[in-house]
Amino acid sequence: MSEPSKGLSLYNTLTRTKEPFVPIDPQNVRMYVCGPTVYDFAHIGNARPAIVFDVLFRLLRQLYGEKHVTYVRNITDVDDKINARALRDFGGEIAAGKLSLNDAIRKVTEKTADQYHK
Numbered sequence: 121m122s123e124p125s126k127g128l129s130l131y132n133t134l135t136r137t138k139e140p141f142v143p144i145d146p147q148n149v150r151m152y153v154c155g156p157t158v159y160d161f162a163h164i165g166n167a168r169p170a171i172v173f174d175v176l177f178r179l180l181r182q183l184y185g186e187k188h189v190t191y192v193r194n195i196t197d198v199d200d201k202i203n204a205r206a207l208r209d210f211g212g213e214i215a216a217g218k219l220s221l222n223d224a225i226r227k228v229t230e231k232t233a234d235q236y237h238k
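For the sequence shown, my numbering assigns the number 121 to the initial residue and increments by one for each residue that follows.
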């Protein structure tokens, strides 16, 4: 049986209400969040969720212990914006048959991911 919420309430988008946070397993609190889609330079819109989820992660570690919280964040690297960026940056090479769209997408992703992590 799960223990009480330790005073932490979170907004549930399904019910549109604040609800006490009660982990499924207090010994193994898991947190999976969507990270940025890296297709251009980082901006304030990328920073906000990263900061919010980092603060939540730190709070959960305080409440449940450092060894009991797992935090996983993805980085999306394929979507329409990346495809458009690849065509914009490498369209000539793609049209000339010198580069495939997949290779162009990989180049855009590598470049912007490097910039994001600097």
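No lab work stands behind these hints: they were computed from the structure. Check each hint, because a few of them may be wrong.
Straight-line C-alpha distance at most 20 Å; calculated SDA-like pairs for lysine to any residue [stated by the list, open to error]:
id : residue 1 : residue 2
1  : LYS231    : ASN194
2  : LYS231    : PRO156
3  : LYS218    : LEU207
4  : LYS227    : ASN194
5  : LYS201    : GLN182
6  : LYS201    : LEU176
7  : LYS126    : ASN194
8  : LYS227    : ILE195
9  : LYS231    : LEU219
10 : LYS231    : ILE164
11 : LYS231    : SER220
12 : LYS201    : LYS231
13 : LYS138    : PHE173
14 : LYS201    : SER220
15 : LYS231    : LEU221
16 : LYS187    : LEU176
17 : LYS187    : PHE177
18 : LYS187    : PRO146
19 : LYS126    : THR190
20 : LYS187    : ARG205
Just so you know, these numbers come straight off a predicted model, no measurement behind them.
Against the structure, the hints come out as follows:
The suggested pairing of LYS231 with ASN194 holds, with an alpha-carbon distance near 17 Å, which does not exceed 20 Å. With a C-alpha separation of about 14 Å, the suggested pair LYS231 and PRO156 falls inside the 20 Å cut-off, and the hint holds. With a CA separation close to 13 Å, the supplied pair LYS218 and LEU207 stays within the 20 Å bound. Annotation: proposed proximity of LYS227 to ASN194 holds, straight-line Cα distance about 19 Å (limit 20 Å).
Proximity of LYS201 to GLN182 is assessed by CA-CA distance (about 38 Å); at most 20 Å being required, the pair is judged violated. Between LYS201 and LEU176, the direct Cα distance comes to roughly 29 Å. Violation of the 20 Å bound is thereby established for this hinted pair. A C-alpha spacing of about 28 Å is found between LYS126 and ASN194, which places the hinted pair above 20 Å, so the restraint is violated. Of the pairs offered as hints, the one joining LYS227 and ILE195 holds, with about 16 Å between alpha carbons and a cut-off of 20 Å not exceeded.
Between LYS231 and LEU219 the CA atoms are separated by roughly 16 Å; this keeps the pair inside 20 Å, and the hint holds. Restraint check for LYS231 and ILE164: satisfied, since their Cα atoms lie roughly 19 Å apart, inside the 20 Å limit. In summary, the hint linking LYS231 to SER220 is supported, as the alpha carbons are separated by about 17 Å, within the 20 Å threshold. A hinted pair counts as satisfied when its Cα atoms are at most 20 Å apart, and LYS201 with LYS231 qualifies at roughly 14 Å.
Of the pairs offered as hints, the one joining LYS138 and PHE173 holds, with about 17 Å between alpha carbons and a cut-off of 20 Å not exceeded. Taken as a hint, the LYS201 and SER220 pair is honoured in the structure, with Cα atoms around 17 Å apart against an allowance of 20 Å. Between LYS231 and LEU221 the CA atoms are separated by roughly 15 Å; this keeps the pair inside 20 Å, and the hint holds. Simply put, LYS187 and LEU176 have alpha-carbon atoms about 15 Å apart, close enough for the 20 Å limit, and the pair holds.
Simply put, LYS187 and PHE177 have alpha-carbon atoms about 12 Å apart, close enough for the 20 Å limit, and the pair holds. With a CA separation close to 11 Å, the supplied pair LYS187 and PRO146 stays within the 20 Å bound. Straight-line distance between C-alpha atoms of LYS126 and THR190 comes to about 18 Å, which keeps the hinted pair within the 20 Å bound. With a C-alpha separation of about 41 Å, the suggested pair LYS187 and ARG205 falls outside the 20 Å cut-off, and the hint is violated.
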